[in-house]
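Chains as they are written, first to last, in our numbering: chain A, 1 to 198; chain B, 1001 to 1997.
No lab work stands behind these hints: they were computed from the structure.
Where hints are given, some of them may not hold.
Said to hold, decoys possible - Among chain B residues calculated to face chain A with C-beta under 7 Å, some are: (1) W1004; (2) D1047; (3) L1186.
In this text, a Cβ means the ideal position worked out from N, Cα and C, and glycines have one as well.
Here are the chains, one letter per residue:
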Amino acid sequence: MPPTTGEITQLLASWRQGDPSALDQLFPIIRTELRRIAFRRLRREPAGQPLQPSSLVQETFVRLLPNQQGEWQNRAHFFAVASTVMRHVLVDHARHRLRSKRGGAAVHVSLDAAAVLSPEQVDEIVAIDLALQRLAERDARKSQVFELRFFGGLSLEETAEGLGLSPRTVVREWRLARAWLRRELSQGDPNDGSVAAD
Amino acid sequence: MDRWRRIEALFDVAVKQPPSDRDAYLRRACAQDLELYREVTSLLSYDADGTTDESWAARAAEALLEEGSRSPQNSPSNSSLAPGMSLGPYRITGVVGAGAMGEVYRARDSHLNRDVALKVLPEFFAIDPDRLARLRREAQVLASLNHQNIAAIYGFEDRDSIQALVLEFVDGPTLAQRIAHGPIPLDQALPIAKQIAEALEAAHEHGIIHRDLKPANIKVQPDGTVKLLDFGLAKALDPIPSTSDVSPSPPMPNHDLTDGGAILGTWAYMSPEQARGGRVDTRTDVWAFGSVLYEMLTGHRAFDGPTSSDVLANVLEREPDFDALPAGTPEHISRLLRRALTKDVRNRLHAIGDARLEVVEALATKSAVASSNTALEHERAALGQQIDAAVAAQDKLARRWRLRLGLVSAALVVLGITATTIVWYLRRPAAPPVTRTLIPTPGTAALTLSGFHRDLALTPDGRRVVYVGNNGSQLFVRALDALAPTPIVTGVNLRAPSVSADGRWIGFSKTGAGFWKVALTGGSPSRLTALDGATRGAAWAPDGTVIVATAGSTGLLRVPAADGGTPEVLTRPDRAAGEVAHLWPELLPGGTAVLFTITTTAGGPDAAQIAVKDLQTGAQTILVRGGSHAYYVRSGHLIYTAGGTLRAIGFDLGRRETRGTAVLVVPQVATTPDGAGNLAVTTDGTLVYVDAPGSGARRTLVWVDRAGMEEPLAAPARAYRYPRLESKGRRLVVRSADGQDDLWISEVQPVNLRQLTTVPGQDNHPLWTPNGQRIIFSSNRAGGAMNLWWQAADGTGVAERLTTSPNDQYATAITPDGKEAVFFEITTTGRDLRRLVLDASRPVTGLVETPADERNGVLSADGRWLAYESNPSGRSEIYVAPFPETQSGIWPISSAGGMQPLFGPRDTELFFLASDGFLMRVPVETSGTTFSFGTPTKLFDARPHITPGFVGRSYDVSPDGKRFLMTKAADEAGTAPPSLILVQHFDEELKRLVPTK
């Protein structure tokens, strides 16, 4: 029985009010729905067409919280959670792929996750994740801004709302975070990074 | 600043500059720090756009960033300078101060080899080229001032995205710092005063007014030379420039202010005309000169007080304590002070040159120690006293009306009325007229009412309206002397603006995201606090805190306005006493007590109470029962909302008690379900409000003829239901449900709706007695269920209770002789028809009581037949039975659903609503002993005229039977956005409508 809009709204509200267990409940709900949507898209869209994670998050929102497009608060906070979920899903998947590619443990790679990432993206996603972790040590807010905008596809306004920042601050944070990450990605070898992180 | 923050700051500044300039900037900014330079340069190289080998991640990021850079928020901003950095030829050597109007740095001019002060302008200058150009022009004019006692303005620097005024750097303490150690002895004070006067005189000759003279703007160098700082900058830096010569508004002290004391300081030196937002000329500087001289001699301010409003009140109304002048103060000086500090600008000393002469004479007299009281001196003193007496008398005469002049003249300037008109007006000693003005909110600036908040506010000077527009995505400021509103914040679901006591800040809420503030001039908003629910009012205290209420039931919270932080709980609703929430805080003058609204579990908005709480003692008193969201007006009144109207009651500020009875002063104000009116009022009586009801339930009263043709009645759209015509058809009564359910009564021609029921509680289902003298209605005003009451239709007397029952009862018919009423009662088994005999004992007997629901019983004109609706089949149908012997027969009239029956005026027809929403007509014959009827036919589609979900009859028929009085949903989409109505000198109207003496 999928959770109702009301239940999800309630969980979001609890999370906003600082109840961490609400997040634990939200994660599987959103993850399940993300997977379902990715799977359906794979069947529908031509091969080799990479799926944008942001559009997946958007569709997940519409499916889980129909008629809530106007409820901007819920939207912003849902997207903030979903962005983190998206990152976890993508990174988990990429790690599995890399491990199996290297002949490591025989991990079954599910079809739905495979749909999200092209082979190049698999490599990059792990690198981005690691770079973001490094960025977070230095500047947690920039890392968060990047996560929401990049993995969640949140707009400027949504990111600002989700993090309680001004849009102007988000622009500033995002721009430096982007430059920093680009530099990190151009310098390191993502595959090495992924092994080191496991 | 740690290293990462420095990298960040440099990167932020660099990316805003053209790529060709970035390297030069970084080399300069990083000075000796090569590693820092390399790091930022490296990051910048990864900021480059459009390279072809972008990875997927970078491409996606790119797309997202593009979206961000198209956003209007991505405007350039000024960045702070830091010692070691350079701006053009100026190398920063230190920080002098920082405040609302930008930072001030000490810098070295490498070309001219002298120290300068750089006043870096705030962001809003950078984004407004017109304003920047204007400032540049004014800086040129000010730079032409060349006087040894005026700190020079060297020029204007605009480079590296930083705009700064380059000023003469003056060392030494300010006069304020000197006075902090105590009064300045006469022999030192007078030479200082002389130099100040000389500087002002020189500037006035150039047509330049300082406008902001105060001890903090005067420096005394070690050699005794006085320098006046910031000459003329008050106007140039006015955050919201005015097109006329009206002064910067008083609550916008545009200086390097960081604390309340400094703000008070600015108020304290403001001339009365400046404080009122009036026209400012050289005499304003004369006033300020007097204030400064007074303070030098006495060691304390001429006008002071614990709060800004006290200071302002003293400036406007109180004479300084001239007895505080030190013994031995020369007569020249005390006379000069009296004449400089004359409130009426026309009677004030006109020229600063005259003041200078008095100082010079005093100095001369003092130095001639022998100058004992010569005959000449006596003569002069006597003459001076005569002049003073004459001035005082004139002043007193003018006092009654002159307080309003500032506002009036400002308004006249807005209206473009010529100077001669103003002069004519100013000479006319009459009470200022009450003026009502519609303020349009055009286009995307359209006023947006959320329905749950007070979505507008006024600055304390009444000169700027702040409101929510553009569907809640922007806050606008509409200055009364401007033609159009200016957006100041853009965001999502912006709500509930409030203005700080000093007028510099706007508080607002974003749905679910706490309480925010932004400068009145715009800039980045910051969140002061998270809240457990949406805000329900915020009041900024002069002490730098904000009292906030939330829709949750927390009570009133107090939050520091500077940096927010954890709210302090001021009040908690008393659950045991049935209190639900404390809402809509507003402060009494001085900020020592807060007015707020208590909602309760029973009675709805009508039962809300207005309380006052002393913030020092915590003592709390109920002031008004049956009202919400009160404000204090200086005319000695509280105004508050009740039932969608604005009411006023006399209020003794000292005793904090109401006086007399409440009077309706504005018949229609958009009101939220929690009782807030969409209105704001300043203490001195400028009112702005929205007259449209906030909800979407607005309906208009319409006549509909038998063919369905409509003709509207000339009544404002409100939440009307149940219109009922007097039997002669000359008057109507209707229930209006905006905010609460009350009954309104009016003639039919012309329509002039007056509120009939005003006591707390819901009143509805009205019914005329046949003689038109009384209205029977249902009410829960006594608590409990809706029982039957009646009240004189002319509004006299009090309502009398007719029934007492635990069940809701609704009267729907009355016998032609007026002796019995028919009503339906909602019992545990359903709805039944009952009758009430209107004699002294008021017995109630059953009429139609079946397991089904019976409702809406009506009587034929001859009183012999009862038509009603009942639903034995599950669907409501119309039935007719003999009255009162209802058991003796029953005729089913409708067969496909029917509701809300009504006999035509001559008993020849019966109307009812079919289930498809058509109004039906059935020919009937009632003259015989039996009832006969024909086939129902459709009259017209009445769906626009009925309110789904409301069971009471939604129409009435005219005595001639030709048309029906109905309601119709107001066309919300097609109507213009609600307008703001500005009332100036509303206090005068209050004095007239609600005399307090």
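Is the interface hint for B/D1047 satisfied, with its Cβ closer than 7 Å to some Cβ of chain A?
holds, 4 Å
Residue hint B/L1186, partner chain A, criterion CB-CB below 7 Å:
Hint on B/L1186: violated, closest Cβ of chain A at ~54 Å, above 7 Å.
Chain A contact restraint on B/W1004 - CB to CB distance below 7 Å:
holds, 6 Å
Taken one by one, the earlier hints fail for this structure only at number 3.
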